[in-house]
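Protein chains: 2
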Amino acid sequence: MPVNIPPLSPEHLLPVAGVTLGIAEAGIKKANRKDLLVMVLNEGAKVAGVFTQNRFCAAPVIVAKQHLAQSVRALVVNTGNANAGTGESGIANAQMTCAALAKLLGIAPQQVLPFSTGVIMEPLPVDRIIQGLPAALANGKTNNWFDAAHAIMTTDIVPKAASKQVQIKGKTVTVTGIAKGSGMIRPNMATMLGYVATDAAISQSLLQKLVQHTADRSFNRITVDGDTSTNDAFIVIATGKAGNQEIYNPHTEEYCLLQDAITEVAAELAKMIVRDGEGATKFITVQVEDGKSKDECAKVAYAIAHSPLVKTAFFASDPNLGRILAAIGYAGVDDLDVDAIQLYLDDVLVAEKGGRAANYREEDGQRVMNQAEITIRVVLNRGTATTTVWTCDFSYDYVKINASYRS
Amino acid sequence: MPVNIPPLSPEHLLPVAGVTLGIAEAGIKKANRKDLLVMVLNEGAKVAGVFTQNRFCAAPVIVAKQHLAQSVRALVVNTGNANAGTGESGIANAQMTCAALAKLLGIAPQQVLPFSTGVIMEPLPVDRIIQGLPAALANGKTNNWFDAAHAIMTTDIVPKAASKQVQIKGKTVTVTGIAKGSGMIRPNMATMLGYVATDAAISQSLLQKLVQHTADRSFNRITVDGDTSTNDAFIVIATGKAGNQEIYNPHTEEYCLLQDAITEVAAELAKMIVRDGEGATKFITVQVEDGKSKDECAKVAYAIAHSPLVKTAFFASDPNLGRILAAIGYAGVDDLDVDAIQLYLDDVLVAEKGGRAANYREEDGQRVMNQAEITIRVVLNRGTATTTVWTCDFSYDYVKINASYRS
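Line by line, the protein sequences are chains V and P.
Heads up: the first sequence begins at 6 in our numbering, then just goes up one per residue.
Heads up: the second sequence begins at 6 in our numbering, then just goes up one per residue.
Simulated from the structure, these hints should not be mistaken for lab results.
Hints should not be assumed to be uniformly reliable.
Which copy? The list can't say, so a pair holds if one copy fits it or any two copies do.
Straight-line Cα separation of at most 30 Å, BS3-like style, residue types lysine-lysine; simulated pairs [unchecked claim]:
1) Lys358 with Lys34
2) Lys246 with Lys214
3) Lys35 with Lys358
4) Lys70 with Lys358
5) Lys214 with Lys174
6) Lys405 with Lys304
7) Lys304 with Lys70
8) Lys70 with Lys246
9) Lys174 with Lys146
10) Lys70 with Lys169
11) Lys297 with Lys70
Could you put the whole structure together from the sequences, leaning on the hints where they help?
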């Protein structure tokens with residue numbers, strides 16, 4: 006079961022003026038499940054996004070990146086099929102989906118962004134998606150984020166959504182977001198699928214800057230299994246309905262307030278993905294401090310976060326902490342002086358001077374390992390850069406889920 | 006159980022003149038098991054080695070690298086404790102071990118190479134090792150490779166050893182080797198522990214060249230879990246007892262013959278490590294062809310070989326082959342044209358032109374996936390470089406073994 010995710014209820018998710026969400030059961034992979042989401046945006050809404058850097062990026066990612074240059078009026082998301090590794094016919098299917106939705110809405114196909122998630126390298130059942138569109142539009146409403154969070158799930162056990170309000174120059178600005186993802190999670194630009202909407206008014210160029218800032222502090226800081234998906238996308242929508250003056254200057258209080266609110270919602274969603282990581286029983290924060298650069302901190306953090314040996318030791322609550330030292334050592338930081346490093350588990354100093362700390366006692370390590378939430382802190386003592394990565398442990402259930410995903 | 010390793014019997018392992026092997030039960034971690042190996046070499050034997058590139062390299066690795074500059078006369082290997090992450094006292098313990106063995110043999114401490122394998126970050130029980138040395142020396146004999154292979158095991162299920170003879174200019178040259186390793190296997194220079202001895206005569210400088218050549222074609226081509234150990238070491242011993250003229254020129258038939266024989270034994274040992282990979286049920290060869298460079302081929306091969314999603318699909322015999330495309334896509338080859346790539350499973354063309362191959366049928370993929378030995382072939386179609394990596398699948402038992410390793 007997911008690690009410490011409080012149950013989601015519809016009333017916690019605030020509508021964002023200008024965003025209408027409709028859901029349908031299109032029977033894409035399985036019957037009788039919500040598998041199609043359509044988001045319709047007001048005229049004048051600004052949309053920015055970041056996408057997977059996987060070279061085998063999915064057809065909808067290719068199409069969505071092209072369409073982002075237009076004024077976006079709708080998003081269509083299907084689960085059950087990733088439309089990835091599908092070649093030219095995959096592109097055509099994504100475009101047909103956009104065209105069908107555009108026709109129903111009376112807009113141009115280029116104003117629709119398509120997204121898909123699910124199994125890779127199987128043809129997209131585009132007919133079923135197109136047949137499901139009218140039903141999705143028919144139940145569209147602004148207070149539909151709860152059902153929308155359900156409609157984009159694949160191997161997720163729980164839906165993921167978060168909301169926040171912030172006062173900006175006397176106006177109440179709302180931020181609400183949903184995300185999905187559980188396996189094939191080592192986002193590079195963004196997670197599998199994440200959507201955050203706000204009613205704030207902000208310029209297009211600043212929104213693009215904001216989405217990158219936010220991704221780098223949320224979805225780009227998590228990993229479940231190190232597998233970067235073909236379909237990662239993180240989208241921020243700003244409808245401009247809050248009544249605030251359009252924000253165009255990054256060096257203002259109002260930009261910082263909005264950026265922090267959106268980053269907070271995105272980070273909450275990102276951590277939910279880890280807490281619901283396939284087979285996860287522990288939520289692990291890896292914090293690497295005092296490095297020469299963020300890049301070397303990230304190398305060390307990801308080496309720890311991806312090590313199957315570290316992850317299985319956490320699953321077993323076994324303070325076999327030498328495995329963390331080994332991961333630090335092979336992280337690829339060539340001139341690392343291992344004698345200068347300190348390793349902490351929460352507040353317990355485990356290792357320093359190249360070996361076990363003099364006062365370290367196994368029972369102290371054991372006490373921390375027994376917890377469901379653990380922070381691994383590595384102090385490199387050679388600079389001022391810091392990076393945090395969130396990950397989970399590695400259990401029987403990860404193997405079970407992924408050995409039977411298609412069946 | 007290990008994948009297709011034929012049972013080892015003592016008579017298959019040929020003695021190498023000049024190498025005496027003695028084994029003892031020193032009680033390092035558990036009572037009543039062979040956990041100490043001493044190899045004594047003839048005067049004039051040449052020794053060369055390659056070691057882990059993990060920055061947290063173990064104390065015995067640091068000491069062995071220093072001692073390799075001398076004329077080596079003995080090697081001492083303990084299992085049950087890695088003497089890694091042990092700081093200055095770890096170095097002192099490795100040196101004390103060398104000094105104790107040197108005293109018994111009447112040689113200098115610098116003529117002894119120490120090796121340790123087992124749990125990390127626990128103090129080496131050096132007293133027990135030193136107490137065990139006389140017993141190990143007492144049963145020393147040249148036809149002791151079988152017991153030696155047992156004495157260096159940790160989580161290995163089966164012992165790993167191989168022998169070969171080759172005729173060089175009318176002289177019979179013998180090559181015999183042993184290795185251990187099962188988890189924390191993504192050697193970078195060499196595997197956890199591998200020792201290959203030959204009675205050939207060869208110059209010291211050429212032997213160092215040979216050990217690197219051999220490692221790059223054997224232990225550096227395998228991965229179980231992507232975790233590079235702190236203790237990897239691969240050592241080649243040449244006793245010069247075969248009676249051949251000393252080989253000093255790499256551009257000769259005799260060098261090629263010897264190099265091939267040693268590489269063949271080392272590759273056989275390396276593949277045994279994968280076949281006995283923790284929890285392995287399949288032996289997988291990943292072959293990446295027609296790349297621009299060996300480096301980019303290796304990036305693609307290791308991305309596939311380390312992907313938990315690919316490895317669990319193989320465990321399940323599930324031809325969910327889009328996961329392989331995803332791994333190719335995130336391998337870090339920035340200008341890769343995915344439309345130009347062909348993916349084969351054994352002889353079955355699975356994907357091309359960015360998607361599923363027109364003639365691919367699921368039952369063909371299923372047929373190959375059901376096998377215990379599978380080759381993944383990726384043709385990049387942009388150069389002439391090729392790389393092969395050997396790996397195994399990822400099963401419940403990997404998690405089980407590593408969640409309970411210390412208990």
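Going down the list of hints, with the structure as the test:
1. Lys358 with Lys34: Result: close only across copies, 25 Å inter versus 55 Å intra.
2. Lys246 with Lys214: within (20 Å within a copy, 70 Å between copies)
3. Lys35 with Lys358: Close across copies (29 Å), not inside one copy (56 Å); limit 30 Å.
4. Lys70 with Lys358: Between copies, since 21 Å is at most 30 Å while 49 Å is not.
5. Lys214 with Lys174: Only inside one copy: Lys214 and Lys174 sit 21 Å apart there, 71 Å across copies, limit 30 Å.
6. Lys405 with Lys304: both (29 Å within a copy, 27 Å between copies)
7. Lys304 with Lys70: both (29 Å within a copy, 27 Å between copies)
8. Lys70 with Lys246: For Lys70 and Lys246, the Cα distance is within 30 Å only inside one copy (25 Å; across copies 68 Å).
9. Lys174 with Lys146: For Lys174 and Lys146, only the intra-copy Cα distance (28 Å) is at most 30 Å; the inter-copy one is 86 Å.
10. Lys70 with Lys169: For Lys70 and Lys169, the Cα distance is within 30 Å only inside one copy (28 Å; across copies 58 Å).
11. Lys297 with Lys70: Close across copies (29 Å), not inside one copy (34 Å); limit 30 Å.
In the structure shown, no violation is registered for any of the earlier numbered hints.
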